[in-house]
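Q: Mind docking chain B on chain A? Use the hints.
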Amino acid sequence: MAVDGISFQINKGECLGLVGESGCGKSTTAKMITRLEAADEGGIFLNGKEITQAGNKELRAIYRDIQMIFQMPVDSFNPRIRLGESIMESMINQGMKRHRAKARAQECLAVCGLPKEFADRYPHQVSGGECQRASIARAIANQPSLLICDEATSALDVTIQAQILKLIRQFQNEMGMTCLLICHDLALVQEVCDRVLVMSNGRIVEEGTPDEIIMNPREEYTKRLIDSVL
Amino acid sequence: MQQPLLEMQHVEICYDGKPTVFDFNLKMELGEILGIVGESGSGKSTLIKAAMGLLGTAGAVTRGDIYVKGKNVLDIQNDELRQMRGPEMGMIFQNCGSALCSIRTIGDQLYESMEQHHAIKRAAVDQLAMQLFEKINLPDSERILKSYPFELSGGMNQRVGIVMAMIQKPELLFADEPTSALDVTVQAQVIREMMALRNEFGTGIAIVTHNIGVVSYMADKVAVMHKGHLVEYGKTRDVINNSQEAYTRKLIQAVPRIRKR
Chain A
1 MAVDGISFQI
11 NKGECLGLVG
21 ESGCGKSTTA
31 KMITRLEAAD
41 EGGIFLNGKE
51 ITQAGNKELR
61 AIYRDIQMIF
71 QMPVDSFNPR
81 IRLGESIMES
91 MINQGMKRHR
101 AKARAQECLA
111 VCGLPKEFAD
121 RYPHQVSGGE
131 CQRASIARAI
141 ANQPSLLICD
151 EATSALDVTI
161 QAQILKLIRQ
171 FQNEMGMTCL
181 LICHDLALVQ
191 EVCDRVLVMS
201 NGRIVEEGTP
211 DEIIMNPREE
221 YTKRLIDSVL
Chain B
1001 MQQPLLEMQH
1011 VEICYDGKPT
1021 VFDFNLKMEL
1031 GEILGIVGES
1041 GSGKSTLIKA
1051 AMGLLGTAGA
1061 VTRGDIYVKG
1071 KNVLDIQNDE
1081 LRQMRGPEMG
1091 MIFQNCGSAL
1101 CSIRTIGDQL
1111 YESMEQHHAI
1121 KRAAVDQLAM
1131 QLFEKINLPD
1141 SERILKSYPF
1151 ELSGGMNQRV
1161 GIVMAMIQKP
1171 ELLFADEPTS
1181 ALDVTVQAQV
1191 IREMMALRNE
1201 FGTGIAIVTH
1211 NIGVVSYMAD
1221 KVAVMHKGHL
1231 VEYGKTRDVI
1241 NNSQEAYTRK
1251 LIQAVPRIRK
1261 R
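These protein sequences, in sequence, are chains A and B. First residue of the first sequence? That's 1 in the numbering used here, and the numbers climb one at a time after it. First residue of the second sequence? That's 1001 in the numbering used here, and the numbers climb one at a time after it.
Next comes chain B alone, as it looks inside the complex:
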C-alpha cells in the first residue's frame, strides 16, 4: 500500500502549556489538495507549523504523531528536517516579506535556497524563477531578482515567497493564507498556478485560509476547525454543499456569494 503523504494521529499542540489543538486526525494522499478553514485563533496555522517543525520554543506537540511520507517528523533530527524542508515539504507564509532577508537581493536568496538541495547553476535558477514570476503576473522579473525586499511592495514580496516555495516543486506544500495579502485578480492567478503545480508535478497542497471560495475552488477535501477541534472533515462538495455541522453552515453562510446571471 502506498504511504499517505501526510498523516496526523491524535495530535495535541500546546503553547506555553495551554492546549490550542486537540486530538487532531487527518490523512492526505499524494497529490491531494486539502483546505483547512476556520476563524482566526482556531489553530489552523499552528497545525501546519507543527508539521513543518516551526512551532518555535513556546509551542510543542504534546501528544500524537505527525508522519510525512511515513516518517515521523517529530522524531527527526534538525539536520534531516532541514534536508526535507524545501524539496520534500515547502511552505508559503501569510506574510512572506518578513521571511525574506532584508539585506540580500531576491535573486541571491532564491539561488541559496536552491543550491542547498540541488546541483544547479545560478543562471538556471534565475531562468526558472523568471518563468514562475511571469506566470503569477509579476512582470519585470529581471528587476525583481536584482531588488531587495524593501524595494518591493507587500504583494510583490508575497509572490516572491510563493515562487520561492514553488520553485523547489515540493511533494507537499503548506500554504498559510498565501493570498490574503493579494489583490483578487492576482489571487486567482496564484491559485491557478498552485493547481497547475499539482497537475504537473503531483504536489500535495495543504492550504490554510478563511476564504471559502478559494477552498471550494481548489480543494479535494476540507477540514473545518473551531477552537482547536476538528469539527468537520470530508470531501469538499459534501462539506460545502451538504454540511452536517451547524458551525460549518454558519461559516459558509457568512460568506457573501456573487450572483452572476
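Excised from the complex, chain A in its bound form:
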C-alpha cells in the first residue's frame, strides 16, 4: 500500500506543500488527483464534484482545471513532437481552433520567459531549465485552477529554480491559481507555501503552516527532515 487513507483539502488560491522522503507516497497522491493512478478506496473531489471514478470524457474536462508539472522536464514531452505542438495539444483537446492555440502557445512561452522560436524546437534541443519552463507553459495554457508541481525544480540549477518559483508566485497573484507543491526542500516550502503536509509511509503525519512545522516539529520524522537541511 503506497498511500494509506489520507484526507486533506486545498483551498482556492492556496499554495499547499507536500513533503516527505522518497517512497512515502507524495507522487502517488499527485497521480491519484490527476487520475494517472486509480484510488482503491475513498473519494477525490474537485470544486465539490467527485472525480474518483470519472470516465474519459469527464477527464478531458477535468484536465482543463488540473495540470501537472513533472520532475524530469525532458521526459515529460514527446521527443518526436516540437515543444509548440505539445503545448497546443491540450488546448486543441479542449476544442480550441489550431491557429488560436498556436497564438496562445506563443503567449504562454513568452510568459515563461522563452522566445517564440522555442515552439519549433524539440525537447532534446533545449536545456533542462528551458524545457521545464516549456512544461510550465503547457500547464498554464488552459488556465488551470489547480497546478500540481511534482519536484518541479529539483533537477534544475538554483538560479533557474528561483526563476521558476517567481513564475509560480506570479500566477498565484495574477490568476489566483491554486498550487500543490511536492517537494523535499523545506527551505523552499517555507518560502512559497501557505500550509504544509508532512507525509511518511503513506500517511499524513503532520499539518500546519511552514513556520509552525519548522519551528516546532512534533513528529520524529519531521525533526529528522529539518535536521537534514544543511
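Keep in mind that the hints are not guaranteed to be accurate.
[Claimed, not checked] Rough simulated footprint, nothing fancy, chain A against chain B, three-plus residues with beta-carbon under 8 Å: (1) 1183 to 1196; (2) 1209 to 1216; (3) 1250 to 1256.
[To be verified] Here are a few chain A residues that face chain B, going by a calculated C-beta distance under 8 Å: (4) Ser7; (5) Ser22; (6) Gln106; (7) Asp157; (8) Val158; (9) Thr159; (10) His184; (11) Leu186; (12) Ala187; (13) Leu188; (14) Val205; (15) Ile214; (16) Arg224; (17) Asp227; (18) Ser228; (19) Leu230.
Don't read these hints as lab results, they were simulated from the structure. The beta-carbon is built from N, C-alpha and C at its ideal position, and this holds for glycine as well.
A: Relative to the frame of chain A, chain B by itself:
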C-alpha cells in the same frame, strides 16, 4: 615541503576542439575538502573527469598540467593510472547505477574492485561493505550484496557507488553531485559519512555540487565556476558570507534558506 594533494595549473579543456574550461588554477592540500559549485554546463564535472583521466575520446586537456601528489596525471600511462584509481584517487559519479555492471551482483563487483589493489579475502570485503552500508542507512546489507543493480532503486544504487569509492579509503576522493539523486535525510547521512572519512583517514575530497548548503557545511575551500572560468576561489566562509563577485552572490541568493527559530 609537503606535496599538495591535487594541483591544477593553467588547465584548459576542450570538447571536440571547443574549449569548455579556461585557464584553471587550483591547489588542494592533504585532507582538504574543496567544494566546486556552479550552474550546469559551467565545466565542474569536466574538471574532475580530467583529473581522473576519464574525459573519453571527445575531450582533451589542451593546455596546463594536473598533478596528483606531485605526479602529472596527464603524462602517466594508462596502466599506472589504473593502479592509482581506487586506492589513491576514487570517484563517486552522479549516476552510480549506470557505472555498475548490470549482470553481476553488487558483492562480486565490490570484491573485484578491492582485490585488484589489495590482498584481501571475499569475506573481509563483504564485512567492510556491510559496515559502510549500515552507516549510510542502507539496511539489509546482506541482501544488497547478493542483488543485481536492477533489483535496487536509483537511490540504493547511488549509495552502492558511494560505498564502492569509500571502501578503498582513497587519499583523494572526487564526488560529482554524489547526493543529488538522494533524499534529503539520506543526503545528510552520506555527507556526514564523507566528513568522517576525512577525519579518520585524512581523505581529501573534491565535491562538485550545485547544493550550496552542502558546500558551506562540509568544504574548507570553495571554487565558483561560471562558463568554464574560475570566478572565485577561497575559504568557504569568505566566499559564502563575504563574496567579492556579483555572480557568486547571485548564486547564493538564489538558494532558499530555511529559518529555524
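Q: Are at least 3 residues of the region 1183 to 1196 of chain B within less than 8 Å of chain A when you compare beta carbons?
A: holds (count 7)
Q: Mind checking the CB of leucine 186(A) against every CB in chain B and telling me if the closest is under 8 Å?
A: Result: holds, 6 Å to nearest chain B Cβ.
Q: Mind checking, does the region 1209 to 1216 of chain B have 3 or more residues with a CB under 8 Å from chain A?
A: holds (count 6)
Q: Is the interface hint for serine 22(A) satisfied, with its Cβ closer than 8 Å to some Cβ of chain B?
A: Holds - the Cβ of serine 22(A) comes within 8 Å of chain B, reaching about 5 Å at its closest.
Q: Can the hint on arginine 224(A) be confirmed by a CB-to-CB distance to chain B that is less than 8 Å?
A: At about 5 Å, which falls below the 8 Å cut-off, the nearest Cβ of chain B leaves the hint on arginine 224(A) intact, so it holds.
Q: Given a cut of 8 Å on the nearest C-beta pair, is the interface hint for glutamine 106(A) held or broken against chain B?
A: It is violated, given that the least Cβ distance between glutamine 106(A) and chain B is near 26 Å, above 8 Å.
Q: Given leucine 230(A) as an interface hint, is the shortest Cβ-Cβ distance to chain B below 8 Å?
A: holds (4 Å)
Q: Please check whether threonine 159(A) passes as an interface residue: C-beta within 8 Å of a C-beta belonging to chain B.
A: holds (5 Å)
Q: Taking 8 Å as the limit, does the beta-carbon of valine 205(A) come near enough to a beta-carbon in chain B?
A: violated (14 Å)
Q: Classify the hint on leucine 188(A) as holds or violated, based on whether any CB of chain B lies nearer than 8 Å to its CB.
A: holds (5 Å)
Q: Tell me if aspartate 157(A) is really an interface residue toward chain B, meaning its C-beta lies closer than 8 Å to one of theirs.
A: holds (4 Å)
Q: Would the hint on alanine 187(A) stand, with a C-beta cut-off of 8 Å toward chain B?
A: At about 4 Å, which falls below the 8 Å cut-off, the nearest Cβ of chain B leaves the hint on alanine 187(A) intact, so it holds.
Hint check: violations occur at hints 4, 6 and 14; the rest are consistent with the structure.
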